[in-house]
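A.B. asks: Chains as they are written, first to last, in the UniProt record's numbering: chain A, 1 to 297; chain B, 1 to 427.
The reader is advised that the hints may include incorrect statements.
To be verified - Residues from chain B that keep clear of chain A, each with C-beta distances beyond 10 angstroms, as calculated:
#: 1; residue: Ser31
#: 2; residue: Ala66
#: 3; residue: Asp114
#: 4; residue: Val124
#: 5; residue: Ala127
#: 6; residue: Ala130
#: 7; residue: Gly157
#: 8; residue: Gly176
#: 9; residue: Ser178
#: 10; residue: Glu181
#: 11; residue: Met186
#: 12; residue: Ala210
#: 13; residue: Leu284
#: 14; residue: Arg302
#: 15; residue: Gly306
#: 16; residue: Leu319
What the hints assert, rightly or not - So the derived label-pair ranges between C-beta atoms look like this:
#: 17; chain 1: A; residue 1: Asp134; chain 2: B; residue 2: Arg317; range: 44 to 52 angstroms
#: 18; chain 1: B; residue 1: Thr25; chain 2: A; residue 2: Thr272; range: 48 to 56 angstroms
#: 19; chain 1: A; residue 1: Glu241; chain 2: B; residue 2: Phe77; range: 54 to 62 angstroms
Think of the hints as simulated: they come from the structure by calculation, not from any bench. Keep in mind it's a predicted model, so treat the numbers as computed, not measured. Glycine included, each C-beta is placed from N, C-alpha and C at the ideal position.
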Amino acid sequence: MSAMSDRDNNVRVLSAPPSARDSMLGGLQSLRRRASVPLVLPDTVLQLDRQRLEPRRIAAYAKLCGFSPDQGVPATFPHMLGFPLHMALLLEPAFPYPLIGLVHLANTIRQHEALRAGETLDVAVRFGEPLHHDKGQAFTVLTEMRRGGDTVWESGSTYLRLGVRQAEGQPVPPPPVGPQPLAVAGRWRQPRSIGPRYAAVSGDRNPIHTSRLGARLLGFRSPIAHGMWMLAKSAAALLPETPVRTAEIEVAFRAPAFLPGSALLLATQRQTGTLFELRNGRAEQLHLRGLLRAEAA
Amino acid sequence: MLSAAAPRRVAIIGGSRIPFARANTAYAELSNSDMLAGALQALVDRFDLHGQRLGEVVAGAVLKHARDINLTRECVFSTTLSHETPAYDIQQACGTGLEAAILVANKIALGQIDCGIAGGVDTVSDAPIALNDGLRKTLLRAGRARSVGGRIAAFGGARPSMLKPELPRNAEIRTGLSMGEHCELMARRWNIARADQDALAVASHRNLHAAYEAGYLNSLVVPFEGLSRDNNLRPDIDPGKIAAMKPVFDRRAGTLTAANSTPLTDGAAVVLLASEDWARERGLPILAYLRAGEAAAVDFVRGDEGLLMAPVHAVPRMLSKLGLSLQDFDFYEIHEAFAAQVLCTLAAWEDAEYARERLGLAEPPGAIDRAKMNMWGGSLATGHPFAATGGRILASLATMIDRRGSGRGLISVCAAAGQGVVAVIEK
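Isolated chain A, as found in the complex:
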């Protein structure tokens, strides 16, 4: 996730984020795509400058994810600014897979400097290397947020296209190692409404999260919670009560969480950080497993 300047010739600077309508239409059109073998990921870099960490949007996001106002700009919030560019990148003509049906496998977030509500950041996204997965082809979308010339926040979102044989690349990294966490760090209801509400805040309007019919059509018995919402909700419970300067959050997603449902957050302190798992209310199903480190501002 180093500097993107060496690939300047492929940088396309957008003037505005793609609208939700464009993303949705593009998403539908992308259903006509067929998987190509071998996979060639476009080396396009999409850039959107001066994106504002909007206080009102932060407040709405924080409320939905369980962050308190005292925690400042949630370390997971910049994903909101990066996500429309993810969509645009996945809609690039050279990207071979349909958007619908991509499985969010893992997400890493690295915040290097404290974020201030109201400031503007330059956002850029591009593809990482392809990754090999037992069930198909995985790849990572890298996001970088810069203040002036400095990278203050970056993330990697790993997605999986199921059913691709002879997947390319290195194996997908395993989830964080360590024992089963046992301390109960949180317990909450995951109401049916959380899908549409998070969709409205994040712009991730994938019908598997928002609509019963949509979920059914795509093979789920009921809508499932957004992985990034569960990640944020877990991080809210585990991050310090005060704003952080740096944060590292690494999460592997596992079984989907059907809505409505309940969730149990388990954690354990290791030398490497806080190892955590979000499980269903009966603790039998693992929704995500992660590792979190943070340094107060």
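Given the coordinates of chain A, work out where chain B should sit on it, guided by the hints.
C.D. replies: Frame of chain A; chain B shown alone:
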């Protein structure tokens, strides 16, 4: 509090229990009182305590009806013991039976009493079903109302949903997880393999069967309501069938099955404890002495510790007071709530990092000789009527030591809400 010149040794004279029965089988129509009185009377008969006034009788039940406020005292009335024998109930989840024995033993040691009976009983078949809390509150509100109008208004708050009764749940209040679900997490934490759990369950059944066949339990188990042996016991247990069973708490990736978890059980067990003088005056045998007892609790909610791990903490604490090591025992009785919980306990005692960070010990307590553990079967085979298990184990272990002539045994019982009760007996 010391009523004698110096603390006295506490003798274990003997125990009686009724065969344990899987829930809704042989004792389906019986109450806690029926079973506890049955076990008590058997003990009274055996040691000819008819008409005798004992120091006290202490027992309890985990699942108890609201009407059973004086369960143990009422049971005394149902026996041929002197009705002037005081009694009280205690409850410390699955630790009830052993804790009751520690309480009686303490009074004997201090000279407050010379003899007493400790035990416990539980029924899942005759579990209390409570009025719906909403309906209960409505009725109480109506009772408080001072006018007819107020009463009508109170009943106006009643809803059809309030007719749904409240059933007792085997779930921890703080986490909402059942004990089995907690134990699944523990099994994952300690990487306990399914095969090892199944092997422990098979050993439990085989050991219990062998103990019955050898007649070791003749002095301990009294036939009751048509049962002469615990009806959960599978003498011809088939390891192949057990290995094929599906997990019950985590159906996808779990390792706990109906075979390697204790079944819900009905039963009662009691133990007679006394000072040495009291026993000698009556020519009663002394099987062994209750030397020490200890209870511990862990924060399984926030503390990153397993629900059933309290005995892991209690045992080294108790042993350091006695100057004993975990290897200084001839017998180990580790209550088998789940095979996984036993194996987690053993694994934790062997783990150096855990000993340092959680137990505050420079060296881990270490491994035990598994051949000395639960030699006459454990709760997996016998069944586990929660409060009765402590009495069962105490009397069995004392009998084992007596048969050997001398020796030392460790008892470890885990209990709900992150508690554990442990004891040392020896002769």
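A.B. asks: All hints are to be evaluated individually against the structure, with a verdict given for each.
C.D. replies: Consistency of the hints with the structure:
1. Every C-beta of chain A lies more than 10 angstroms from that of Ser31 (chain B), the closest at about 32 angstroms, which supports listing it as non-interface.
2. A cut-off of 10 angstroms between C-beta atoms confirms that Ala66 (chain B) is not in contact with chain A; the least separation is 29 angstroms.
3. The Cβ of Asp114 (chain B) lies farther than 10 angstroms from every Cβ of chain A, with a closest approach of about 45 angstroms, so its non-interface assignment holds.
4. No beta-carbon of chain A comes within 10 angstroms of the beta-carbon of Val124 (chain B); the shortest separation is about 21 angstroms.
5. At the 10 angstroms boundary, the C-beta of Ala127 (chain B) stays outside the reach of chain A, the nearest C-beta of that chain being 21 angstroms off.
6. Even its closest Cβ contact with chain A, about 23 angstroms, leaves Ala130 (chain B) beyond 10 angstroms, as expected for a residue assigned away from the interface.
7. For Gly157 (chain B), the condition that its CB be more than 10 angstroms from all CB atoms of chain A holds, with the nearest at approximately 25 angstroms.
8. For Gly176 (chain B), the condition that its CB be more than 10 angstroms from all CB atoms of chain A is violated, with the nearest at approximately 6 angstroms.
9. Its beta-carbon lying about 8 angstroms from the closest one in chain A, Ser178 (chain B) breaks the requirement of being farther than 10 angstroms from that chain.
10. Residue placement check: Glu181 (chain B) does not keep its beta carbon more than 10 angstroms from all beta carbons of chain A (closest about 5 angstroms).
11. Here Met186 (chain B) does not stay apart from chain A, with its beta-carbon only about 7 angstroms from theirs, under the 10 angstroms limit.
12. The beta carbon of Ala210 (chain B) sits about 35 angstroms from the closest Cβ of chain A, which is more than 10 angstroms, so the claim that it is off the interface holds.
13. The claim that Leu284 (chain B) is not at the interface with chain A holds, since no C-beta of that chain comes within 10 angstroms of its own (minimum 46 angstroms).
14. Not every Cβ of chain A is farther than 10 angstroms from the Cβ of Arg302 (chain B); the closest lies at roughly 5 angstroms, contradicting the non-interface assignment.
15. A beta-carbon of chain A is positioned within 10 angstroms of the beta-carbon of Gly306 (chain B); the least distance is around 6 angstroms.
16. Distance check for Leu319 (chain B) against chain A: the nearest CB is about 25 angstroms away, which clears 10 angstroms, and the non-interface claim stands.
17. For the pair Asp134 (chain A) and Arg317 (chain B), the beta carbons lie near 47 angstroms from each other, so the given range of 44 to 52 angstroms is met.
18. The hinted range of 48 to 56 angstroms is satisfied by Thr25 (chain B) and Thr272 (chain A), whose Cβ atoms lie roughly 51 angstroms apart.
19. Between Glu241 (chain A) and Phe77 (chain B) the CB atoms are about 58 angstroms apart, so this pair conforms to the stated range of 54 to 62 angstroms.
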